[in-house]
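Colleague: According to the numbering used here, the sequence shown is numbered sequentially starting from 1.
It is worth saying that the hints were derived from the structure and are not from the lab. Computed from a predicted model, the values in this text were never measured in an experiment. Among the clues, some could well be false.
[Claimed, not checked] Dumping the calculated DSS-like pairs for lysine-lysine here, alpha-carbon to alpha-carbon at most 30 Å:
1) Lys39 to Lys8
2) Lys8 to Lys91
3) Lys91 to Lys78
4) Lys83 to Lys42
5) Lys42 to Lys78
6) Lys8 to Lys78
7) Lys39 to Lys91
8) Lys91 to Lys42
9) Lys83 to Lys8
10) Lys39 to Lys84
11) Lys39 to Lys83
12) Lys8 to Lys84
13) Lys42 to Lys8
14) Lys39 to Lys78
15) Lys84 to Lys42
[Stated by the list, open to error] Pair by pair, the computed Cβ-Cβ distance ranges are:
16) Glu17 to Asn100: 26 to 32 Å
17) Arg97 to His66: 36 to 42 Å
18) Trp76 to Leu11: 31 to 37 Å
All C-beta atoms in this analysis are idealised placements derived from N, C-alpha and C, irrespective of residue type, glycine included.
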Amino acid sequence: MWTVPGGKPELSETDIECLCREVSEELSGAILSNIRFYKCFKGISPHNGDLIEVSCYFGDIDIDPHPSGEITAIAWTKDFADKKVSDVTLKIIDSLRQDNLIAD
1 MWTVPGGKPE
11 LSETDIECLC
21 REVSEELSGA
31 ILSNIRFYKC
41 FKGISPHNGD
51 LIEVSCYFGD
61 IDIDPHPSGE
71 ITAIAWTKDF
81 ADKKVSDVTL
91 KIIDSLRQDN
101 LIAD
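Turn these sequences into a full structure, and let the hints guide you.
Modeller: Below is the structure:
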């Protein structure tokens, strides 16, 4: 399964605090800066089939990302056809392409 760093907010944690914590946990202590909201997406959770809402952000990272925590490997890809990605991830990729933020 291919995924992007993320997770659920802890009690009383803001979206930005959650984002920074999850990226740090999953990408070897990476620190985000220049965080900008992108969009919200709704879809089906691949874990339990529930309807979920995902808030997406852009940000700058202070290191070359290395996997840690729940992430076992990192790879850049343009071809998602042969990857098992979630419904929400496909919506995010399609939106990024439509907004010319990533290439086909």
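Colleague: Confirm or reject each hint.
Modeller: Against the structure, the hints come out as follows:
{"no.": "1", "hint": "Lys39 to Lys8", "verdict": "17 Å, holds"}
{"no.": "2", "hint": "Lys8 to Lys91", "verdict": "19 Å, holds"}
{"no.": "3", "hint": "Lys91 to Lys78", "verdict": "15 Å, holds"}
{"no.": "4", "hint": "Lys83 to Lys42", "verdict": "20 Å, holds"}
{"no.": "5", "hint": "Lys42 to Lys78", "verdict": "22 Å, holds"}
{"no.": "6", "hint": "Lys8 to Lys78", "verdict": "27 Å, holds"}
{"no.": "7", "hint": "Lys39 to Lys91", "verdict": "11 Å, holds"}
{"no.": "8", "hint": "Lys91 to Lys42", "verdict": "8 Å, holds"}
{"no.": "9", "hint": "Lys83 to Lys8", "verdict": "23 Å, holds"}
{"no.": "10", "hint": "Lys39 to Lys84", "verdict": "22 Å, holds"}
{"no.": "11", "hint": "Lys39 to Lys83", "verdict": "23 Å, holds"}
{"no.": "12", "hint": "Lys8 to Lys84", "verdict": "21 Å, holds"}
{"no.": "13", "hint": "Lys42 to Lys8", "verdict": "15 Å, holds"}
{"no.": "14", "hint": "Lys39 to Lys78", "verdict": "21 Å, holds"}
{"no.": "15", "hint": "Lys84 to Lys42", "verdict": "18 Å, holds"}
{"no.": "16", "hint": "Glu17 to Asn100: 26 to 32 Å", "verdict": "30 Å, holds"}
{"no.": "17", "hint": "Arg97 to His66: 36 to 42 Å", "verdict": "27 Å, violated"}
{"no.": "18", "hint": "Trp76 to Leu11: 31 to 37 Å", "verdict": "34 Å, holds"}
Checked against the numbered hints listed earlier, the structure breaks hint 17 alone; every other hint is satisfied.
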